[in-house]
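Given only the sequences and the hints, what does the whole structure look like? Please build it.
Letter by letter, the sequence shown follows residues 1 to 163 in the numbering used here.
For the record, the hints were derived by calculation from the structure and aren't laboratory data.
Idealized CB from N, CA, C, for every residue including glycine.
Here are the simulated DMTMM-like pairs of lysine to aspartate or glutamate, each with C-alpha atoms no more than 20 Å apart in a straight line:
| id | residue 1 | residue 2 |
| --- | --- | --- |
| 1 | K63 | E84 |
| 2 | K87 | D99 |
| 3 | K87 | E77 |
| 4 | K103 | E84 |
| 5 | K103 | D58 |
| 6 | K87 | E75 |
| 7 | K63 | E75 |
| 8 | K62 | E75 |
| 9 | K103 | D56 |
| 10 | K62 | E77 |
| 11 | K62 | D99 |
| 12 | K81 | D56 |
| 13 | K63 | E77 |
| 14 | K63 | D99 |
| 15 | K87 | D56 |
| 16 | K81 | D99 |
| 17 | K81 | D58 |
| 18 | K62 | E84 |
Label-pair distances were calculated between CB atoms; the ranges are:
| id | residue 1 | residue 2 | range |
| --- | --- | --- | --- |
| 19 | P30 | N122 | 16 to 24 Å |
| 20 | N123 | G72 | 41 to 49 Å |
| 21 | R78 | W129 | 38 to 46 Å |
| 22 | T125 | R90 | 27 to 35 Å |
| 23 | E35 | G72 | 45 to 53 Å |
| 24 | G89 | V118 | 20 to 28 Å |
| 25 | N7 | P54 | 29 to 37 Å |
| 26 | E77 | K32 | 46 to 54 Å |
| 27 | N122 | L79 | 32 to 40 Å |
| 28 | V31 | G72 | 47 to 55 Å |
| 29 | I36 | L105 | 22 to 30 Å |
| 30 | E75 | P30 | 44 to 52 Å |
| 31 | N6 | G72 | 46 to 54 Å |
| 32 | D37 | V118 | 12 to 20 Å |
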Amino acid sequence: MRVQLNNYLPTALPTQSIPADSQSSGGGSPVKEDEIDRAAVIIAYAMANPYCVPWDVDRYAKKVKSPSSQKGVTEWERLAKVFEMTKLGRISEPATIVDIHGKILVWYLPNIVLPWRVNFVNNTTAGLWDLLLKSIPNESKAKKAWRSDGFLMPDGGGKFGAG
1 MRVQLNNYLP TALPTQSIPA DSQSSGGGSP VKEDEIDRAA VIIAYAMANP YCVPWDVDRY
61 AKKVKSPSSQ KGVTEWERLA KVFEMTKLGR ISEPATIVDI HGKILVWYLP NIVLPWRVNF
121 VNNTTAGLWD LLLKSIPNES KAKKAWRSDG FLMPDGGGKF GAG
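Written as structure tokens, this is what we have:
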């Protein structure tokens, strides 16, 4: 199966070209069947291309939650004493990273969303800048909203504004 996916993947990966019908509808055209097929192939390839870490994610999560009693030791150093830090190298093809029990920790799905669709979403989000800025309550209010509590506005508002 992996050989079949290997042969099909190059034809399934999206190109940078923008379909003509997406330009006329502002990029918000409906998702086509070939895009869904392409996504399915990329996901199948990732499932057939696992990288395994030699530890149990549930045990790891319990250790991360526990506060460190050792002074001067970083969280990373403390965890490295208990869990082998796997060097995976550069991952350039669709893949999953799994623990010793096969639980998926990370999906790497390059270009699963066509580049022109990503551009459309980014441009649309940038257009919401003013509305997002207005949605953050003033700091002068006595009680902060949970949504903006701890929010630090980037210098200049950031590329996409607040939110």
